[in-house]
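Assemble the complex: chain B is given as a structure, and chains A and X must be docked to it using the hints.
Protein chains in written order, with this note's numbering: chain B, 1 to 573; chain A, 1 to 317; chain X, 1 to 315.
Just to be clear, a hint being listed does not mean it is correct.
[Unchecked claim] Keeping only pairs whose Cα atoms sit at most 25 Å apart, straight-line, the calculated PhoX-like set for lysine-lysine is: (1) Lys279/A to Lys547/B; (2) Lys121/A to Lys302/X; (3) Lys121/A to Lys306/X; (4) Lys122/X to Lys12/A; (5) Lys12/A to Lys117/X.
[Claimed, not checked] Taking beta-carbon pairs under 8 Å as the criterion, some of the chain B residues facing chain A (in silico): (6) Ala133; (7) Gln206; (8) Pro294; (9) Glu295; (10) Ile513; (11) Glu520.
Worth flagging that the hints you see were computed from the coordinates, not collected in a lab. Since the structure is predicted, the reported quantities are computational estimates derived from the model, not experimental observations. Don't be surprised by glycine CBs; every beta carbon is placed ideally from N, CA and C.
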Amino acid sequence: MTMRKSIAILIALMMVLAALAGCSSNPTTTPDATKAPAADPAEPGTDDPAEPAAVERDPATFSLLYMSAATTTVDPWADTPVGQYLESKTNVKLEIEYLVGSDVRQKASLLIAGNEYPDILHTADASGDFYAAGAFIPLNDYIENSTNIKNCYTNSQIKQMTQDDGNIYWFGAHASENAAYPTAGYYLNMDLLAQADYPEVKTFDQWQQLIIDYVAANPTFNGQSTIGVSEPTEAWRASAVQYGGSRFLVGFQNDGLTVVDPETLEAKIIMDQDFQKEFCKMLNTMWNLGIADPEMFMQTDEQYQAKIGSGRIAGLYDQRSMISVGLDALEANDPSRMLVAFPVVLEGVTTERYRGPRAFAGGSGIGITITCKNPDRAFQFLDDIASEELQTVLRWGVEGTDFSYGEDGSLVKTEEQWANYNNIEYKQQSGIEQMGWFYFWPGLMPFTGSGTIASPSNTPEFVALAYEDYEKEFLTHYNAETFCDWFNPSYDAMYEPGWSIRQRIDTADPRKIAGETALEITLEYVPKLAQCKTEDFDKVWDEFTGKLADLPLREYEELATQMIKDGASLYQN
Amino acid sequence: MSVQSGALAIAKKEHNFWRQLWRQRQLVVLSLPVLMVIVFSYVPLWGWLVAFFDYKPTSGMNVFKNDFAGFKYFIELFNDSYFWRGLKNSLGIGVLKIIFSYVFSLMLAVMINEVRINWFKRTVQTISYLPHFVSWVVAANLVFVTLSPDSGIVNELLLKLGIIDSPISFMGKPNLFWLIVALTEVWKNSGYSAIVYLSAMTSIDPSLYESADIDGAGRISKIFNITLPSIIPTIKILLVLSIGRLLSVGFEQVYVLKSPSTTETATTLEVYIYDFALKYAQYSKGSAMSIFNSLVSIVLIVGCNLLARRMDGEGIM
Amino acid sequence: MTAKLVSKDKPKLGLLSTKTENIIFDTINTILLILVCVVTLYPFLNTVAISFNDSTDAVYGGIYLWPRVFSTKSYETILFKSSDIPYSAMISALRAISGTLLSIPLSMMLAFVMSRKDFVLKSAVTKIVLFTMYVSGGLIPTFLTYRAYGLMNNFLVYILPTAISAFNVLVMRSFIEGLPYELIESAKIDGASEYRILFQIIFPLSMPVIATIGLFVCVSQWNQWFDTMLYCSSKKGLVTLQYKLKQILDSANSMTGDAVAADAAASSASEGSGRVTTQTIRAAMTVISVVPIACVYPFLQKYFVKGMTLGAVKG
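Only chain B is shown next, with the shape it has when bound in the complex (with noise of 0.2 Å):
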């Protein structure tokens, strides 16, 4: 009886509020009336192809969301020298909105489901899905009609950013370096180094057989065990062990959960391959010593760090920019131990790729939305802010302060200003490349005008600077310049990068799941593989290759396989 009058009350109110509700308003009517193409294409641009400085803009507010997290709290548009300087040149107010303890998944499935969209969106790994959901307006008939934009993009990478359906809808990422540090690389410890008395290291066997040497001549550091290997494996930082690690072992470069062979342009998924059943042996051979690290499955990424720091590590496999802060703790503390990274191979494996591409990545990038009240001034915005003098105030600061022009009109920073540039906290202040998502303009082309290479970070001024003392003493056991000479030097892309791909692949795609889930499995396995007795190793092995099968992976291989075959052409000119 209650529960019949409950049901009874609760329907009526309901019916009642959504009465209600269908007064108010009705948000899910308004997508297409926008969606239409934006804009007649003659506009933009025409009014002047002069300097933006030359011509007063009318004011305009935007509001952009970049789909990471902040580095800094500091408002890098309103607070900072280099944003009020643009804020002058553009007349533009730009609200910039991070993301804030959210994933891109959940944030992007939000503005879809909202269908409202910021004026400017960063797409992140979400651009499929942005894709699908027909979130931005095409840039076509904008690119052509513009002054600046137009001359930062070759004609192949214009073709790279263009969809199925021939529209432009985001700016891709172009190349960068680092050119101080190989980007990734099994590591090993400088004092390791040292007592093994600076040997090349080239092999995979070899680097073990370095690691087991040592941890055996020197069980403890400062009171604590010695650690052999150690790997990430909190959340996605897991990469490493799940295919990161591996691929370079037989000569692959990264392209993503897949690898992809430079001659036939064929990408085959990692995780179920002979090379990343030898990495799992590895970590299954440092465990059964004993001289693995006992924490390596269940540490976050703070503890996995603080292990770097503290200079217990042997050795380990990852990405550089994904340890600097163990890194910084550990040069802080005892630079003797610090790690240096090595290029190495399964043994008969001629060649490696690990310093990778130089490759344009059209898979995601900044774009105006469909729900951007005045496209046709946005688009003016962001031509403005892609001229070259507007390029060089985001990466070198302002003029005056923070670098001058040379006699010969070249970029020209003092000792002092490429210290700010070394200190992050400086740059954070002044707004100093603080705005990625606005690099329009190549980092490693010389400007037209100055013919300064733009990114600060890759002319040969910084790398001069960029070592302390006992990297440079340690260099001379090598007879070596950089860090990265014992490396394949990188070179340009010949395929769209398989990580850009994967990218572009809209989430619920079932092969895009498919390739998702294996992933998950095999951060099950990995542990199981790692920790299981060496006589059992094959047979776990079988059993996870097993649940793999179980899987539409070689369908993600097909996609991706085609999607890298049919762009090739575009890289290859």
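Here is chains A and X on its own, set in the frame of chain B:
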């Protein structure tokens, strides 16, 4: 004829109901906040429709724009071995958690209640309450450090005492995970949960204790014969409420305590929903899972309530 | 466990006088409680110690009850780095106060009608309120619904949806049920309306439960950030303190957001490092959010014990 009289009786009852309702119109007005509950908690339940369609977020609130999927996602779910694993883990952790937190918070409440020195009593209460406000991320970090096989204090102690020969990787053992979740829950929230019991204990008629004293009853016997029986209603309500939440075992806690080594036992339903459904935009499947979760909860709480009422005529509804 | 342990010894104790039993019981009880205090206080003291430690040094671990390298940098980072901290603190305070002021009368109204055995809709109202604890439409449908209500970038989104919590209402109901029913009866005979009974008789008598629940509501409002992220993140004027703190934490923690970015990082690694580590900042944030509670709590404690009732006490 009997049908007629029956209908008449119902009609009369209905009539009575409306008359009664009119008489109590002031109470009805005071019930109006229930509208807010409906607006903010029940209207969003249209989201349950998502489970029956191939939902895409682009369709926004217009679920019907998607293809109708019927029970496809439920069938998919029930054929999914990972779903059953998640259910098993949720149940295991849920039951252990209820047992442990009951026993320990009750014990703590009794112990605090027995303290005679007032300032000590107050201090203990304040302190025991504090960890409740330390976030799980911070707490988990401490748990990992304390139980670490690599110079964690527990392992060092056990090694020194000669109980074990080599360090145990507590947080990496799948078969210990449920227990660790239950124990960390006790450690973090017992003090806080004890408040309710303590509160009930202060309302016990002091004359009961006085007469027990005259009978020469000891402290222990007073606890078992007076204190605990008196607060049975409180224990019961909390039990019914928490059994309803059996499957909601605390996403955040499990998520920060789990690690790749313990995936087998740590992937609860909520973790599974998050990891597989939300991360990979499987909204319909995720929604099917939440419906399952809600239905189980409601069945459990209604069942428990009935049971409680049958036991002594007092339910919470 | 302890109780059992002691009771095993009972036959022996039975020979002793009650006084001796008391002393033994009190001693064991006190020791155990001190143990409990140590175990529960430790995580908090440890957090305080870490929050006052130098952040790079904290990376090595091994900090227990006292900072190794003293530094207040984490607190400075949180409190002084960002200029709008005082403003967002004000928003937080505003939502904590208005949220409590809204929640208490509404919850009391429901608790009151749910306590009335003679009310025909008692059971229906109870069920509707109670089931909210167990059902949810999901994140996205809820978001879309509130958005359709016009709650985007609206302060009301902070206080309306959370105004009524089933658990709080149940606690209040229990308290009201514990009050002598004769009060209501005699007031009715005097011709008082239900409103009067609730607001002029029940309310003043319910101060313990109101203080208790009030503090709960206040604390949880103060600690909220998720709804800010969902509904008000693009409106700077509505950003709360906890959201701001979360942002600081995220920025200290920001490498690259996710797995794909980790791959991408291989090709775009030129961005600099040198962040403050998260551990000390997180610890400092915990301390900042707990200290106000820890300060207020001892004063409200006496209400707590009176107010947190659930279920009538027998006897």
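Cross-check of the supplied hints:
In summary, the hint linking Lys279/A to Lys547/B is supported, as the alpha carbons are separated by about 21 Å, within the 25 Å threshold. Restraint check: the Cα-Cα separation between Lys121/A and Lys302/X comes to about 11 Å, which is no more than 25 Å; the hinted pair holds. Of the supplied pair hints, the one linking Lys121/A and Lys306/X holds, its CA atoms being roughly 15 Å apart against a limit of 25 Å. For the proposed pair Lys122/X and Lys12/A, the alpha carbon gap of about 20 Å is at most 25 Å, so the pair holds.
For the hint pairing Lys12/A with Lys117/X, the CA-to-CA distance comes to about 21 Å; that is within 25 Å, so the pair holds. Against a cut-off of 8 Å between C-beta atoms, the interface hint on Ala133/B holds, since the closest Cβ of chain A lies about 5 Å away. Interface hint at Gln206/B: violated, since its Cβ lies 27 Å from the closest Cβ of chain A, which is beyond the 8 Å cut-off. Checking Pro294/B against chain A: minimum C-beta separation of about 4 Å stays under 8 Å; hint holds.
Among the interface hints, the one on Glu295/B holds; its C-beta lies about 6 Å from the nearest C-beta in chain A, closer than the 8 Å criterion. A distance limit of 8 Å between C-beta atoms decides the matter here; for Ile513/B the minimum to chain A is near 5 Å, and the interface restraint holds. For Glu520/B, the suggested interface contact is upheld, since its CB lies about 6 Å from the closest CB of chain A, less than 8 Å.
Violation of the numbered hints given earlier is confined to hint 7; every other hint is satisfied by the structure.
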